[in-house]
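> Okay, here's what each chain looks like letter by letter:
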Amino acid sequence: MREIIRNGLILFAITVIAGTLLGITNEVTKAPIIEAQKAKTQDALANVFENADFGDEIALDAALITEYPFVSSYYEATINNELAGYAFKVVTSEGYGGNIEFIVGLSIEGHITGIDIIKQAETPGLGAKAAEPEFKDQYIDKKTEVLTVVKNDAPGDLEISAISAATITSKAVTNAVNQVITYYNTELIGGVQ
Amino acid sequence: MDSSLKKIKNGIIDENPIFVQVLGMCPTLAVTTSAKNGIGMGLATLAVLIASNFAISLMRNIIPSKVRIPAYIVIIASFVTMVDLLLQAYMVSLYDALGLFIPLIVVNCIVLGRAEAFASKNTVKNSVLDGLGMGLGFTAALGVIGLIREFFGAGELFGFKLYEALPDAVQGQIQPISILVLAPGAFIVMGILFAVFNHINSKNKAKAE
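Sequence lines, in order, name chains A and B. Numbering of the first sequence is given in this note's numbering, commencing with residue 1 and proceeding in unit increments. Numbering of the second sequence is given in this note's numbering, commencing with residue 1 and proceeding in unit increments.
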């Protein structure tokens, strides 16, 4: 009985020390981590819209979240104080390794200006290639109509060529882009504007 | 040979965690799709191994044997979480490349294995050297596996696209063996390297005798 209490107390002491150290590390790194993530979002915004200024992050209406579950918020992009388009922050849960977070830019002329991955945990060497130009640059200049994923090297105007051996990732990204396009077409062009 | 150098060589060659002890197969198979990922994972594990070996050998007389495993896991998990947070805060690009695999170090049997087999019975200095040797051995093994898989499977070397640099005529003749980048390729490459490594090791041993 005594031994059990003694062992338990020693283990407890170790966990208290470990917990304290973790708490301190967390406190110290909290601000830099948020900063690093913010910087990443800014970089991604600049990648999809060159030379544009961005307004504040605008959250989606609560009523629309069920209809567009992957679209989390958007920014208005202005060039020389004129509205040039929108940059959408997207979080899709359809990825192979958890959520994929990325930015999609749409110009008011009705084409995609680009996508840029902020955060993903797809398989390295396979799905993680979604962040490489070879895949993501396919979206540039696509019209804002529904896109489909195809498994060949010669995609048509509204087709995206899947990453080989990573169809799930390719589809996840494309589905989320489609949701942005639908949102843009029905809510932004048709509604507010 | 100097005894500390011997400790390090022991981890890299005589008791290489991958090829001789066959420990830590999960990250070995999962992350070695490229040389960079393999080496990055190896170095992160190296840092945790040295820290946990140090802490555990320091407390080896305090930790009661009956609760040693939970105590080791608490210590190891704390170090891994700290490495994870620090990378996220100060080395974002490395964190992006390794992200998911950092928390996996907690369940890496090499770290717990060395705590149990070595650090709990040896001095702080020797434990740190053991951690260094084992970590380097692990890094080297993962680097080599990653290099081979990346080169033959994707036609790349440290992300540099060698295959695409070839003239079109050559590209028509040969293709990267893409199965090597996929999961089965990890087993194939590792099996072949196992055989080669142990063949050389046993030959050297025979020569020594």
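Any given hint might turn out to be false.
To be verified - Only pairs whose alpha carbons sit at most 30 angstroms apart, straight line, appear in this in silico DSSO-like list of lysine-lysine:
1. A:K40 x B:K66
2. A:K40 x B:K36
3. A:K142 x A:K119
4. B:K36 x B:K161
5. B:K36 x A:K38
6. B:K36 x A:K30
7. B:K36 x B:K121
8. A:K119 x A:K40
9. A:K136 x B:K207
10. A:K151 x B:K36
11. A:K142 x B:K161
12. B:K36 x A:K171
13. B:K205 x A:K151
14. B:K161 x A:K136
15. A:K119 x B:K36
16. A:K171 x B:K161
17. A:K119 x B:K161
18. A:K143 x A:K30
19. A:K142 x A:K38
20. B:K207 x B:K6
21. B:K205 x B:K161
No wet-lab data here; the hints were simulated from the structure. A quick note: this is a predicted structure, and the numbers were derived from the prediction, not measured.
> Check the structure against each numbered hint from earlier and tell me which ones fail, lowest number first.
As far as the earlier hints go, 1, 7, 9, 13, 18 and 21 are violated by this structure, in ascending order.
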